[in-house]
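Visitor: What follows is each chain in one-letter form.
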Amino acid sequence: GIQVEQSPPDLILQEGANSTLRCNFSDSVNNLQWFHQNPWGQLINLFYIPSGTKQNGRLSATTVATERYSLLYISSSQTTDSGVYFCAVEPTGGGNKLTFGTGTQLKVEL
Amino acid sequence: SAVISQKPSRDICQRGTSLTIQCQVDSQVTMMFWYRQQPGQSLTLIATANQGSEATYESGFVIDKFPISRPNLTFSTLTVSNMSPEDSSIYLCSVPGVGNTIYFGEGSWLTVV
Chain B
12 GIQVEQSPPD
22 LILQEGANST
32 LRCNFSDSVN
42 NLQWFHQNPW
52 GQLINLFYIP
62 SGTKQNGRLS
72 ATTVATERYS
82 LLYISSSQTT
92 DSGVYFCAVE
102 PTGGGNKLTF
112 GTGTQLKVEL
Chain H
568 SAVISQKPSR
578 DICQRGTSLT
588 IQCQVDSQVT
598 MMFWYRQQPG
608 QSLTLIATAN
618 QGSEATYESG
628 FVIDKFPISR
638 PNLTFSTLTV
648 SNMSPEDSSI
658 YLCSVPGVGN
668 TIYFGEGSWL
678 TVV
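Heads up: the sequence lines are chains B and H, in that order. Just so we're aligned, residue 12 is where the first sequence starts under our numbering, counting upward by one. Just so we're aligned, residue 568 is where the second sequence starts under our numbering, counting upward by one.
FYI, nobody ran anything at the bench for these hints, they're computed from the structure. One thing to keep in mind: the hints can contain errors.
Facing chain B, a subset of chain H residues (Cβ under 8 Å, in silico) [as the list claims (entries may be wrong)]: (1) F600; (2) G627; (3) G666; (4) F671.
Values in this document were obtained by computation on a predicted structure and should not be read as measured data. Even glycine gets a Cβ: it sits at the ideal position worked out from N, Cα and C.
Use the sequences and the hints to build the structure in full.
Guide: Right, dumping it as C-alpha cells:
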C-alpha cells in the first residue's frame with residue numbers, strides 16, 4: 012500500500028517562531044489532508060490540498076503532487092499550536108479511505 | 568462540514584468484556600469509516616461500514632473482534648469484543664464531506680484494565 016512519511020517526528024519551538032512540516036507519499040493521490048490533533052484527541056481539519064497552495068491565517072500548505080510531497084507552514088507559532096500534526100492521503104482509486112502519516116509532535120513553548 | 572457525534576467519549580473497561588461505540592452523523596452518507604489510534608501511534612483504518620451490507624475490513628482486522636453495524640445512512644456502531652489491554656486506543660468514526668474532505672468524530676477513548 013501507499014507509504015506516508017512525515018518529518019520531523021518531533022519539534023520544539025519558541026512562541027513566535029516559524030516552522031515547516033513535510034509529508035512525503037509514495038504514490039499518486041486523490042486526496043491529501045492535514046490535521047491537527049489536540050491534546051484531547053480531536054482531529055481538526057486544517058487543509059484539503061491534493062495539489063496547489065492554500066492559506067488560512069497563520070497556516071499555509073503546499074502540495075506538489077508530481078513530486079509526491081506536501082508542506083505545512085506554521086508562522087508566528089502560539090502555544091495553542093501544540094499537538095500532533097498528521098498528513099493523510101487517499102490513494103488514487105482509494106474510495107475515501109485515508110492512510111495517515113507518522114505524524115509530527117509539535118510543542119510550542121513560551 | 569459534517570457534524571459527527573461519538574458515544575462514549577471515554578470509558579474504562581475490564582478485560583474480557585465488550586464495548587459498543589456509537590457514531591451519529593447529521594446528514595446521510597453512503598460510507599462511514601472506523602479508525603483506531605493506539606497510544607503514541609498514528610491512525611489505522613479498521614473497516615468501512617456499508618449501509619445494507621456487511622462491513623469491509625482492512626488487513627489485520629476481523630469481524631469477530633470488531634463487529635460493525637450500519638442500520639441506516641446516519642448511524643453506525645463498532646463493537647470491540649473480548650477486550651485486552653492491547654485494545655486500549657482512541658476509536659474514531661469518519662465520513663466524507665463536501666468536496667472530498669474527510670471529517671472525524673471526537674473519538675472514543677478506551678482504556679482496558
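Visitor: Decide, hint by hint, whether the structure agrees.
Guide: Against the structure, the hints come out as follows:
At a threshold of 8 Å, the smallest CB-CB gap from F600 of chain H to chain B is about 7 Å, leaving the interface hint in force. Interface hint at G627 of chain H: violated, since its Cβ lies 12 Å from the closest Cβ of chain B, which is beyond the 8 Å cut-off. With its C-beta approaching chain B no nearer than about 6 Å, G666 of chain H sits inside the 8 Å limit, and its interface hint holds. Given the 8 Å rule on beta carbons, the hint for F671 of chain H holds: about 4 Å separates it from the nearest Cβ of chain B.
Checked against the numbered hints above, the structure breaks only hint 2 and satisfies the rest.
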